[in-house]
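Heads up: the protein sequence lines correspond to chains H and S, in order.
With the numbering used here applied, the first sequence covers 1 to 225.
With the numbering used here applied, the second sequence covers 226 to 684.
Calculated directly from the structure, the hints in this document are not laboratory data.
Check the hints yourself; a few may be wrong.
Straight-line C-alpha distance at most 30 Å; calculated DSBU-like pairs for lysine-lysine [stated by the list, open to error]:
(1) K477(S) - K101(H)
(2) K139(H) - K201(H)
(3) K494(S) - K101(H)
(4) K411(S) - K187(H)
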Amino acid sequence: MRVLVIEDDAETASFIDRGLTEEGYAVDVCGSSRDGILAASSNTYDVIVFDRLLPGMDGMDAVRVLRASQVETPILMLTALDGIDDRVAGLEAGADDYMVKPFAFVELHARLRALARRQPLVTDEVVLEAGGVTLNRAKRTVIRDGVQLELLPREFEILDILLSNQGQLVTRTMLLDKVWGYAFDPKTSLVQTHVSRLRTKIDKPFDKELIRTVRGSGYMLCADE
Amino acid sequence: MNKILKSTVFRLTLRSSLVFLLIIVCMGWLLGMSFLWELDDNTLLEQEERVQWLTEIYQEDGLHGIREEFGDPEETIWDEDHAFFMLTEEGFAVLLLSADNESLFGFPALRGMSADWTSLSFFDDEEHLEVRVLQQRFSDGASMSVGQARSDEYFFVSETMQTGFFWLCVIVLPLAIVIGLILSRKVYRRLNELVLVAEEIGHGSLDQRAPLQGKNDEFDRLASTMNAMLDRIQSLHLNLETASAGMAHDLKTPLSRLSNRMQLLQQDKDDPAALGQHLQVAQAQLHQITNTLHNLLRLSEIESGQRRERFIELDVSAVISDVLDSYEPVFTDAGRTLQVSLVPGIRMRGDADLLVQMLTNLLENSIEHGRPGGRTWVRLQGARDGCVLQVGDDGPGVPDAEQSRIFERFFRGDISRGAPGNGLGLSIVKAVCELHGGSVALLEQHTGAVFDCHFPPAA
Chain H
1 MRVLVIEDDA ETASFIDRGL TEEGYAVDVC GSSRDGILAA SSNTYDVIVF DRLLPGMDGM
61 DAVRVLRASQ VETPILMLTA LDGIDDRVAG LEAGADDYMV KPFAFVELHA RLRALARRQP
121 LVTDEVVLEA GGVTLNRAKR TVIRDGVQLE LLPREFEILD ILLSNQGQLV TRTMLLDKVW
181 GYAFDPKTSL VQTHVSRLRT KIDKPFDKEL IRTVRGSGYM LCADE
Chain S
226 MNKILKSTVF RLTLRSSLVF LLIIVCMGWL LGMSFLWELD DNTLLEQEER VQWLTEIYQE
286 DGLHGIREEF GDPEETIWDE DHAFFMLTEE GFAVLLLSAD NESLFGFPAL RGMSADWTSL
346 SFFDDEEHLE VRVLQQRFSD GASMSVGQAR SDEYFFVSET MQTGFFWLCV IVLPLAIVIG
406 LILSRKVYRR LNELVLVAEE IGHGSLDQRA PLQGKNDEFD RLASTMNAML DRIQSLHLNL
466 ETASAGMAHD LKTPLSRLSN RMQLLQQDKD DPAALGQHLQ VAQAQLHQIT NTLHNLLRLS
526 EIESGQRRER FIELDVSAVI SDVLDSYEPV FTDAGRTLQV SLVPGIRMRG DADLLVQMLT
586 NLLENSIEHG RPGGRTWVRL QGARDGCVLQ VGDDGPGVPD AEQSRIFERF FRGDISRGAP
646 GNGLGLSIVK AVCELHGGSV ALLEQHTGAV FDCHFPPAA
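Please work from the sequences and hints to get the whole structure.
Written as structure tokens, this is what we have:
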């Protein structure tokens, strides 16, 4: 997988570079939006990490420029700014995901993988399937091994996200972002509680456990083994 | 003194007195002049009548008739004495000239005088009279001049006018200066009090207040406005101080713990099990620091009021119900009961994200501080002036001494300093309520902690 990192802070850039290289990715690092836009439009990447505050040009404008010049590569925007509307503004500018510094590398990695899987301009599938679980987005039904399961809306959405990223880590923050849309971090175990409810419905009655906890980070849905 | 002379009040008083004086003088002058003109006009009428009367006599009885009329057939030409007597007592004098311009009767000095007022001297310039002469020529070539003396009244009025104006100026001008001084000194004194207070405040003693005289005049209004402003500034200042102190404490504590942890890492670098544990703790401490900063930024963002521009009309019942659906299992897992009673369809203008954060802060507060196995309730109902959201629990509640402070930034009941959270949760609740034009209150005389959030209606 090829990743472009546009980040002017050398320490953060090398932190991301080192981590991704260890994961076996090819990483290019640019220090300014100008170089970044140039690199992004002349090479093909699977995903771009874009810092929000860059010398020369606001990252938000840079993303707009990229989108305007038909670059459809998924973009993850990084920011030290954390206003309530910044996230929405970033997504409106054309970024696909938004993350606030400081961040854990696991979180970045999980999000990048989720983004890279999402092929640009491909319509979302209606039916998701893994390990005997079938989720129909249109009918809003979930069937495991021929048994229809009654899920609450939140549980359905969590399962949807886990299925779309099967075999990959989905962090708690990602779930909080995508299922609840909360831009703040609740003190309580909101995500854990709902995931465990989901588990009692989808895993407990069956032999094999599909949803696994990745300690300290999040969850993973594994169909194989 | 110099300050008083330069003061606005003094200059204004002086200026308005001068304008006033000018107006009075102008009006008086106009009035006097029109009176004098009227007076002259009357004497002219009198003089014309006199000319006509004498003309009639002359035409009927000739020179003889005129002499008879003045009652003295012998004396034909008047000397100065007689003429002066006639002009002052009777108000007029006469001169009759023959066809070849010889004085036949009367006062010869009238000869050649004009129909305008002319000054006539008597007794070697001792006495003066102003005399106007009208002339009448007869068919036999003779002519008659009738001289009219200006009335005493005229001189009296014009004299009075002049002295009046003179004294007016002499009295009014110094009086204006004196009044101006007195007025501006009074104003200066009141203002000076305020200036002194402002100066002291400028030098840092924020607890100074402007004195009130209880007269409810403009100075009292200024002073009380100033005092209200100062109260607000002082409370903000105090907030800032406690916030800075709280922030210093809340950041320094985890930072120093983190620093300790780093030293432990150094010490235990050969023990992988210990290393793993240290790292985990260090991560948690960093998370707490970031979280505090995040909440602090969020709080100032809310308090800045900019979010108000993004307000939309929303179904607050639906927003709250959605949050409660998510939190219900959390309460169950914590071994607590969540009782919900929402009146559906209540609408208000607001920001859904912030309302959600506000409610979760209250709910988490209740989970954290409530009694184990206890009950939490959330009620939403319409009120006369908007709606009320109540979040309460049957836990130990808030000690009386702390009730007034729980909404302050970084305030935490002292026992819970070590517990998670950063003392900003309720500050955010309060800020969100106030951003929406509402208020939040901790109900007193209640077992447990019961918070009432009032919101104004949608329209």
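Hint by hint, here is what the structure shows:
| no. | hint | verdict |
| --- | --- | --- |
| 1 | K477(S) - K101(H) | holds (20 Å) |
| 2 | K139(H) - K201(H) | holds (19 Å) |
| 3 | K494(S) - K101(H) | holds (28 Å) |
| 4 | K411(S) - K187(H) | violated (63 Å) |
This entry does not satisfy hint 4, going by the numbered hints stated previously; all others are met.
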